[in-house]
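Peer 1: All the letters of the sequence shown, read from the start, carry residue numbers 1 to 159 under the working numbering.
There's no promise every hint is true.
As the list claims (entries may be wrong) - Below, computed lysine to aspartate or glutamate pairings styled on DMTMM-like, alpha-carbon distance capped at 25 Å:
#1 136 - 13
#2 112 - 15
#3 140 - 2
#4 54 - 78
#5 53 - 13
#6 21 - 2
#7 91 - 67
#8 147 - 2
What the hints assert, rightly or not - What follows is a list of derived Cβ distance ranges for each label pair:
#9 74 - 125: 43 to 49 Å
#10 128 - 49: 43 to 49 Å
#11 116 - 69: 37 to 43 Å
#12 129 - 78: 42 to 48 Å
Quick caveat, the hints were computed from the structure, so don't treat them as lab data.
Every value quoted in this text rests on a predicted model; they were computed, and no experiment measured them.
The beta-carbon is built from N, C-alpha and C at its ideal position, and this holds for glycine as well.
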Amino acid sequence: MDTSLAWAAGFLDGEGTLTIKRYRRWKGLDFLYYIPQISCAQVNKPLNRVAIKKLKSLFGGYIYHYEVKLEKRGNRLDVIQWGVTSLAARKCLPLILPFLVIKKPQAKLLLKFWEVHKGNRQGHKLTSRDREIRKKFFDKMRTLNVKGKLRLQRLNEKT
């Protein structure tokens, strides 16, 4: 039995990010783009590179190498990152969803995002309502991905 998808889901549950990225395409324009993204970054060491390359072989996507400049290094190490966006992320998510535990709410939100926007093709001009709906998805994802003391406080409130 191939356990690669279960491994990938577990790895992404612990080390990955499922999110909606927001950015401006051109300077000076007053509207934002929202792009679904699944990614994972690790310190650039031999075994970590094997894991990152395995994610790429399973789901495609990209690998970035971030090298810390010598003058800014301090105790920071170089990083290797894998990620998929848009349609590649859409193909990846249903494969790992059954195995996700921690990031299952983010995964379900991404699936809803795609369901709501499946009829919207690239190049189609978005209405202000379309933009507002995408912003709501972004805000909800941001709430799910809260880190640090605030998240610990929220987890304690639930228990």
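Peer 1: Output the indices of the hints that this structure fails to meet, ascending.
Peer 2: 3, 6, 7 and 8
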